[in-house]
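Please model the entire structure based on the sequences and the hints provided.
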Amino acid sequence: MSATILSLPDQSTARIPKTNFITKENGLLSWLLTSDHKRIAILYLISITFFFFIGGALAGLIRLELLTPQSDLMATDTYNKVFTMHGVIMIFLFLVPSVPATLGNFFIPMMIGAKDLALPKINLLSWYLYVVGGILVVYTMVSGGVDTGWTFTTPLSTHYVNTNVMSTGMAVFIAGFSSIFTGLNFIVTLHKMRCPGMTWFRLPLFCWAHYAASILMVLGTPVLAIAIVLLALERTVGIGVFDPTKGGDPLLFQHLFWFYSHPAVYIMILPGMGVISETVSTFSRKRVFGYTAVAFSSVAIAVFGFFVWAHHMFIMGISNYAVLVFSLLTMLVAVPSAIKIFNWTFTLYKGSITFETPMLYSFGFMGLFTIGGMTGVFLGASGTDIHLTETYFIVAHFHFVMVGGMLMAFLAGIHFWWPKMTGRMYPEKLSQLAAVVTFIGFNLTFFPQFILGTLGMPRRYAAYPPEFQVLNVFSTAGATILGVGYLLPVLYLTWSLKYGEIAGDNPWQATGLEWQTQSPPLTENFVVTPIMDHEAYDYEWLEKQQAKEVASVG
Amino acid sequence: MSDSPAIAHGALAEAGDSHEEHPAYQRHHFNSVEQQADTTNFAMWLFLLTEVMFFGGLFTAYHIYRNWYYPAFVAGSHQLDVFWGTLNTVTLIASSFTMAMGVWCAETRRKNGLVVSLVLTFLLGTVFLGIKSIEYHEKWEKHHVPGFHYSLQSFINPASDPAAAAYGDKPLALDMARHTELYFFLYFAMTGMHALHMIIGIGILGFMIFRARAGAYTSGHVTFVENFGLYWHFVDIIWIYLFALLYLISRHQ
Amino acid sequence: MNEISPVLWQFLVKWMTNFALFPPEASKIAPQMDALYFFMVLVSLIGLTIVILLVVSFSILYSKERHPHAVQIEGSTLLEATWTIIPLGLFLIMFVWGALIYFRVYTPPANAMNIYVVGKQWMWKAEHPGGQHEINSLHVPTGQPVQLTLISQDVFHSFSIPAFRVKREAIPGRYTTVWFEATTPGTYHLFCTQYCGTNHSAMIGDVVVLTPDDFKKWLAGSTSGNSLAQDGERLFASLSCTACHNTRPDARGPSLANVYGSKLTLSTGESITADDAYLRESILSPSQHITQGYAPIMPTYQGQISEEGVIALVEYIKHLDSDYRIQQTTTTTDLLPESEGTVAGQQPKPQGKVNP
Amino acid sequence: MSEQTEHTHHIVSPKIYVVILLCLLAGTAATVWASFLELGIWNPIVALAIATGKAMLVVLFFMGVKYSSKLTKLTAISGIFVFMALIGMTLADYMTRAWGRW
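Protein chains in written order, with numbering that gives the first Met the number 0: chain C, 0 to 553; chain L, 0 to 252; chain D, 0 to 355; chain P, 0 to 101.
The set of hints was computed from the structure by calculation and includes no laboratory data.
There could be a bad hint or two in this list.
Straight line, CA to CA, 30 angstroms or less: simulated BS3-like cross-link-like pairs of lysine-lysine [as the list claims (entries may be wrong)]:
id : chain 1 : residue 1 : chain 2 : residue 2
1  : L       : Lys110    : C       : Lys245
2  : D       : Lys262    : C       : Lys245
3  : D       : Lys262    : L       : Lys169
4  : D       : Lys27     : D       : Lys124
5  : D       : Lys215    : D       : Lys119
6  : C       : Lys547    : D       : Lys63
7  : P       : Lys65     : P       : Lys14
8  : D       : Lys215    : C       : Lys245
9  : C       : Lys349    : C       : Lys547
10 : D       : Lys63     : C       : Lys543
11 : L       : Lys141    : C       : Lys245
12 : P       : Lys65     : L       : Lys110
13 : L       : Lys138    : C       : Lys245
14 : D       : Lys63     : C       : Lys428
15 : L       : Lys131    : L       : Lys169
16 : C       : Lys349    : C       : Lys543
17 : P       : Lys14     : P       : Lys72
18 : L       : Lys131    : C       : Lys245
19 : C       : Lys428    : C       : Lys349
20 : D       : Lys124    : C       : Lys245
21 : P       : Lys69     : C       : Lys120
According to the in silico footprint, chain C covers these stretches of chain D (three or more CB under 8 angstroms from chain C) [as the list claims (entries may be wrong)]:
id : stretch
22 : 8-17
23 : 63-71
24 : 75-88
25 : 188-196
None of these values were measured; they are calculated from a predicted model.
Every residue, glycine too, gets a C-beta built ideally from N, C-alpha and C.
Here is the structure:
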């Protein structure tokens, strides 16, 4: 394969540094009561991977059921519980927290030259809230599941099901607060904890993306909290706020729910975009093309993200004139994503590109997110939304953006920063294979679903007409390949913890501040607080830095 | 709902590993005391934003149902006693004032002044909750608590209920009378959520009085008092809107 | 593998023959929506190929071996402007085109034939004004605009006919409408696309499109004897609506003849046109819909009449003005034996004589 | 320091607090009095205007936003902005439902 920019220290002499944030204290309590943002990030990484594989197993069950037109693998209400749990776990326990809580927690303080996040104790509280939410979800699954879909549509969820809506609601409520505290921590840190010389336009784009996502977390999630409190009151006391027979309006729940749930999809994708800005810049050895445009389009997505929520409700009988307003604003919010894609593409221009695993995942992200983004516009235009909404076109759209976009970016970020987090390199060839397998499996799984969507196959169907079977069989075949693609990283990453090569401080020769210190880093990140005297992605500064080092050692 | 301002605790003094000289209450990861004060103040403001959006959902529901069922909202609001409402508003404004004085005393290192104003704020807060419990009890007596065999008696024939008769209300048709349950749901949801925030606030006030007597806040480190002041003033603002929206829909004859 | 086992062979044959890629176009709006759909597919393909071409060519041209030293480029506002304005322009075109189709689908024409559809947990009930009642099926003629007035009895359902490219949510508590004009006869899928509980995937059916004369034959063959208006008339009598809404000058309720479509001024002073939704609202929560000059004494029937009953009443009130209805009401009232119509000691006023 | 902390610790004198207290009490009296008048559509508007006025007083003086950094002012404004977006756009849907035919 082509040359690589990987430069590892001489393996015979290289050792993992004696004191680092992992070896500083040991014992379970030192981990469970830590206020070190890096340890909390590792705790998050473990719990998120656990929930990702439960959600993934449920996805496998769904795909197996849809192999045949009849519902024969499991009873229909079991199928309903499986896809509801798949939705709740994947969205609230994986997609919303994954990149911010793991990579964001670990690297934002290091990227801005701070010793820790502004509020370390709140950070730990955020993880505990996440765990309590997770336990409640597991309790819900164990004690009979819930079959309302992750959207909890009233009046179904309040009057017409007798499954555990309350415990799921409480789980989502508590996990919501975990997300609020993470977002709050990031905003305060980015405003107040930057090291000297680190102006806003010298921040890595990773931090800009998390800043935008945190605004959405802080301002959007409380509305979901109140929607769930009202849902719980309606279900227990029957106060009539969403019950049409008592004068309430079920569409009010849709408004409150989607007011959070659309910004939530930007909470999920923006951190992923931040990771892609870092990887594309590092592996083409170039400053990101149009740095300010990419930074401002993140913030533009955050601002516009609040005004588009009713495009989930176009056919639900909201007024035709509100549809005009929300459809127009949806078109506006699609533009910053297009700007970002073209900026990443032009970052490659005149670069010096290498194709390590993070770069392969980033290419996968750029391709799949372009398709995902464009199909979003199909649904934003109110005309075609009539035919395509609530069909498999929607399922394909959000899986392209969430799994093709966010998950690819998460894997790119994990592979890119694994050497910094653990001090060990992962096996390059095997991981490149896993990236390609994931890409192929993904396309085979979700592309047929676009065609199923135009055919009108509805969402959440356990049984479907026979003429849709062939496309569903392709989709299930793709899902098995995708499953293998996702299992591989867990295997070789855990293997690399013990047997991986020693990575050294800056294996990718990247320009971020986090690469200028030892790996795994010290608990206080830097021996002396760095002074930022260069622009964000300054590869000339890096070469001067390395020349100075060689001179001093030589 | 664990939304007590745990942030304020985060900023409490813990002996950080101070390799260079800095006051005891500065946490290790901050470079200076100003940075720490600034950070926790900003964090408190962001936390208040989440509270604003949390109450936003309730205000949205209120605006929609008030437009849809205005007569039911008027009849419902006549059940509330304007006297208690005004007294509560005055109490809460006064407690906001004493809280502000408390912050001033902390900033100017007047220990006794701080303790007195915190105790006054504590008392006014409990007075507020006392009045609230009187009103809730009165609603419970009249079966105006939604969901618990809610009775339409005082709306179908207002003559039987002195509160409604005072305003010469005309009897409501049955379906409009049923919608008064929506009014009382909003009343209990909004004032209940507000009272919950008051109870949490009073709990922290108690803790602060205990620490203030030990002289904790009058030695330069005032962020905890300042942040709690922000929270208390925010709870006061919410009540100012609740009073206007729930009590004063239309009091004229 | 010398020969394919019969089991596998049976699958292969079924798959190859029974394999759909694009839904049939069976309504007037379908080609227009497909035009917008294919325009969007085209724009997406062009956008995707541009991105892929750029990425692949840059990767080849500027890989590390071929171009070891990267040239730092700040950016170019010209390029930023182009890939802001061009996508924005394209998206706005899609917005306007989409909005046009949206308004066309959700604004029924005046001459549309109205069919009521009631969604109930896990079945669709179609109610033709002529009295034909269908479960999980809908017979419509070609060439005639058909308006569906949807409502749900319990949870959210969504009436979706992919072949017509139309879909509308059936919400409890409010009428929502959609219209289409079928073009090619045949049988098409009907789905419920909003998750509505255990048998959500069984809430499907067929939309049978017939030529106009086949449709007349079908109408005649499957009538239930009473038109919806007649059912409504019987319900109108049995609920003793006639006690207030009769034609006597001192009636306590307004006369309902010719009320449908007329402009009414309410006791609150606002004026409103009496359409289906208004009639339904005034039956279920009357106190907000009191016509000026009448006392708000009408009791609410919320919870006492099923959605089908409200539909029948609305149908009856809608047809109280046409001659056909007057003649129909008079004969039905005569048929009714005197006793059956009475309610608890109240003598039903013959409803036939409607003021001219 | 990263951002010059212009949050010079401005201590508000008690005189201002007393003046604000009196204004708030006057506001309460005014809004209660106004609600006993028959102003028709103006009743809710007047009540909300007085309430907003009182809230502004509390925010600017008691919470000290008037003397604090641009960042705090921006945070407060962005919170109100998104709050208005939630209420405004939801009500926009409810208000315009009656325009078209369903």
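Please list, smallest to largest, the hint numbers that this structure does not respect.
Failing hints, ascending: 1 and 8.
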